[in-house]
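Asks: Sequence:
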Amino acid sequence: MSRCLIVNADDLGRSTGINDGIFEAHRRGLVSSATLMVGFAAARDAAARLAEYPSLGVGLHVTLTGARPTLPPERVASLVDAAGRLPRRPEAIAGFDPAEARAEIEHQLRLFYVLTGRAPTHLDSHHHAHAVPVVLDQMVAVARAAALPVRSSTPAIAERLRAEGIPTTDRFVDAFYGDGATLERLLEILRETGEGTTEVMCHPGRADDELRRESAYAEPREREVELLCHPAALALRRELGLELTRFGAP
24 MSRCLIVNAD DLGRSTGIND GIFEAHRRGL VSSATLMVGF AAARDAAARL
74 AEYPSLGVGL HVTLTGARPT LPPERVASLV DAAGRLPRRP EAIAGFDPAE
124 ARAEIEHQLR LFYVLTGRAP THLDSHHHAH AVPVVLDQMV AVARAAALPV
174 RSSTPAIAER LRAEGIPTTD RFVDAFYGDG ATLERLLEIL RETGEGTTEV
224 MCHPGRADDE LRRESAYAEP REREVELLCH PAALALRREL GLELTRFGAP
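Taking this note's numbering, I'd label the letters of the sequence shown as residues 24 to 273.
In case anyone wonders, no lab produced these hints; they're calculated from the structure. From a predicted model like this one, the values you see are computed outputs, not experimental measurements. The beta carbon of each residue, even a glycine, is placed where N, CA and C say it ideally should be. Keep in mind that a hint or two might mislead.
Claimed, not checked - Simulated DEER-style distance windows between Cβ atoms:
1) E218 <-> T177: 18 to 28 Å
2) P156 <-> D104: 13 to 23 Å
3) G264 <-> A198: 17 to 27 Å
Kindly produce the complete structure, drawing on both the sequences and the hints.
Replies: This is how it looks when you write it as structure tokens:
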């Protein structure tokens, strides 16, 4: 049985600097997949450049935290605060109205089609929002209707997806982040990749002014770019015979 590796860069479209870093880490490094945040202005920049990178799989990074909804706030009143913003973190998601959560997810999916002219390879979520039951229920419904795979961020999500017959990977790794974004950890992840398909989440990017203003995770993205393109990591991937792939690849 082959050992397949999906290295997915989250937050494509969040800023032009993130776009630059993700495309660089695909062109020069291990990134084989990304997920697009359609509600940000830089999503248009990302979509316009996708033709240059036909081998990059691109899914939808469903965004229900840390931003504004793509629907008018009055259409999704349970999702937003008085200023019309989505909650900063997933802890506040439990009170979402299921119908409004689904409407926002479906609208983001429609925007993905409009921006890119194609279907996403898969669905995942910003801050792992689909670990919250009310969001997972709606992600499952949308994924089933659109015949899309979904990220298995937790063992509980993986179990639910398999029970529903929704494609997902055999394993999901989120250890390459923050203090864990080191060359030693990346090499360890590669060595530990087993048979089947493993997704490794990452967040490469170039730290532009917009990102520095609005995110605490800005400069570390620069380090991720360099590590994902590091000669030692590329050599080890080849030595181990790991096949870089994307969601939905034959």
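Asks: Would you mind marking each hint as holding or not holding in the structure?
Replies: Hints, verified against the model:
{"no.": "1", "hint": "E218 <-> T177: 18 to 28 Å", "in the structure": "holds (21 Å)"}
{"no.": "2", "hint": "P156 <-> D104: 13 to 23 Å", "in the structure": "holds (21 Å)"}
{"no.": "3", "hint": "G264 <-> A198: 17 to 27 Å", "in the structure": "holds (22 Å)"}
Checked against the numbered hints given earlier, this structure breaks none of them.
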